[in-house]
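Those protein sequences? They're chains R and X, same order as listed. Residues 25 to 248, numbered by this note's numbering, are exactly what the first sequence covers, in order. Residues 4 to 255, numbered by this note's numbering, are exactly what the second sequence covers, in order.
If you are wondering where the hints come from, they were derived from the structure by calculation, not from laboratory data. Do not take every clue at face value.
[What the hints assert, rightly or not] Listed next, the stretches of chain R that the computed footprint assigns to chain X, with coverage defined by at least 3 CB atoms under 8 Å from CB atoms of chain X:
| no. | region |
| --- | --- |
| 1 | 70-78 |
| 2 | 88-96 |
| 3 | 200-214 |
[Said to hold, decoys possible] A partial selection of chain R residues facing chain X, derived with a Cβ cut-off under 10 Å:
| no. | residue |
| --- | --- |
| 4 | GLU110 |
| 5 | ASN122 |
| 6 | GLY135 |
| 7 | ASN144 |
Keep in mind that this is a model prediction, so the values were computed, not measured. Ideal Cβ placement from N, Cα and C applies to all residues, glycine included.
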Amino acid sequence: MGVCTCLPSRDREGVGSRNAGKSTSVVRAGMMLPLILAVYAGPQDRALIARLQRRDPQALAELYDFYGKMAYSLVLRVVRDKAIAEDLVQETFLRVWNRVHSMDCEKGSIGPWLLAIARNRAIDYLRSSAGRERNAVELDEADHAPLYHRMEAEILLSDQARRVKAAMDKLAPNYRTVMELAYFEGLSQSEMAAKMGQPLGTIKTWVRTALQSLRDELGVAVSS
Amino acid sequence: MNCEELREHYDFYALDIAEEPERGEIRAHLNRKCEVCMAGVKRALETSTMIGASAPAAQPSAQLRRRILASVGSEERRSSWLPAWMAAAAIAAVLVVAVYFAVSSQRYADQAAKLAGEMRSQTAQIVRLTEAFAILSGPSTTEVSFGGAQPRPPQGKVFVNPSRGVLLIASNLPRTPADKIYEMWLIRKGANPVPAGLFQSQDDGSAMHIRPGTVDLASTAAVAVTVENQAGADQPTTTPLIVAALGGSTPR
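Please work from the sequences and hints to get the whole structure.
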């Protein structure tokens with residue numbers, strides 16, 4: 025896989041400048057912030073991926089500045105140990121650094137990809153430390169980097185995160201529980217069925233219903 | 004399995020909770036770039052990614068950023084002055100501590116040397132006092148007083164024990180010049196005086212001097228003290244300041 029040469033003129037508009045844009049936009053633009061961020065998000069991801077593929081350490085620093093706290097928050101929620109969370113986040117960024125060539129800089133959305141790696145590292149650790157069965161065939165994020173191509177960048181904006189959290193809070197307790205057990209605890213469907221004392225079919229239904237409810241809630245939120 | 008059959012499992016796959024055989028089937032479709040499954044799984048991943056981004060915000064330590072950059076062989080350029088400053092401060096602190104301990108160590112060594120000196124001095128003093136006590140308490144010791152007839156003469160006593168030595172206890176001794184010292188002599192009958200040791204008086208003019216060893220009372224006429232040069236003399240060079248004639252000594 026070759027190194028991207030796209031968007032060299034946009035390099036200086038990396039994530040760092042995106043952050044700068046965010047801070048000033050808060051003052052100047054008020055309610056326009058989500059739109060401004062959405063507009064800014066795409067091209068800089070491409071430039072950032074290109075710079076990472078050229079082994080620019082400053083690009084990694086910018087990547088960390090933008091996604092480091094988010095990745096750490098996610099991993100800490102899963103493993104519930106600060107030191108282990110930091111180790112896993114370091115491992116995550118190293119994995120991105122080493123495998124960024126599998127991402128198409130014209131199409132890639134590096135944030136969602138990085139979060140998927142972080143979550144997979146955390147769940148893998150959780151399953152290993154608990155002596156639970158690890159998936160024989162894991163979702164290999166590097167092999168499937170194309171899955172993160174052209175993914176909507178604004179799904180990781182803080183405003184969207186608040187909407188997701190609100191939507192999660194609106195879920196019925198059993199739906200919210202299966203979502204948390206699946207996403208943050210890494211339990212398999214069978215493990216969830218055993219933990220909740222429910223038939224496997226019920227768990228499948230609850231997961232599907234919970235996800236559909238989230239989409240419906242977020243769809244309403246976005247359209248409004 | 005075809006894409007339609009797999010469609011309801013995309014969410015499970017995105018959450019990493021899909022089970023076999025659906026998991027393997029979806030993976031196979033993705034590996035052969037199945038556009039339907041790629042699009043379906045990507046939509047599912049968007050939802051699961053949003054769930055991940057909704058985790059309660061937490062702040063990693065400041066060291067994590069440096070660790071990550073260091074792990075790819077990059078130094079933190081923007082704040083590189085800080086580690087340098089911290090390193091300089093650390094070095095300065097180490098130097099201060101080292102100097103402190105060196106000074107303290109030297110001070111303790113000096114104190115130890117001083118105490119050792121004092122101990123040696125006190126030990127020597129104890130030895131002298133023990134010798135003096137042995138002479139004073141010896142049954143064969145005789146004593147002679149001197150200086151009683153002079154206006155403010157050196158006064159004192161000489162104690163002679165044939166087997167233990169001579170003990171001189173004096174007072175009113177004048178301060179000797181800087182390059183001079185007192186020297187005690189055993190004045191023998193019909194022979195040259197025998198040097199019996201050098202001593203200095205205290206600030207108050209007192210002195211105690213011992214010449215340990217045997218003394219032949221039969222051949223010794225007197226005990227005398229002269230002022231001599233610092234190195235002492237083989238024979239008296241000045242008029243004796245003290246002369247205690249043993250002929251008039253009395254047994255104790």
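Hints and how they fare:
Interface restraint, the region 70-78 of chain R with chain X: violated (0 residues with C-beta to C-beta distance below 8 Å; minimum three). For the region 88-96 of chain R, the stated coverage by chain X is satisfied: 6 residues place a CB nearer than 8 Å to a CB of that chain, which reaches the threshold of 3. Only when three residues or more bring their CB closer than 8 Å to a CB of chain X does the claim for the region 200-214 of chain R stand; here the count is 9, and the claim holds. Interface hint at R/GLU110: satisfied, since its Cβ lies 5 Å from the closest Cβ of chain X, which is below the 10 Å cut-off.
Residue-level restraint check for R/ASN122 holds (minimum Cβ-Cβ distance to chain X is 9 Å; threshold 10 Å). At its closest, the beta carbon of R/GLY135 sits 8 Å from a beta carbon of chain X; the interface hint therefore holds under the 10 Å criterion. Hint status for R/ASN144 relative to chain X: holds, with the closest Cβ pair at about 7 Å, below 10 Å.
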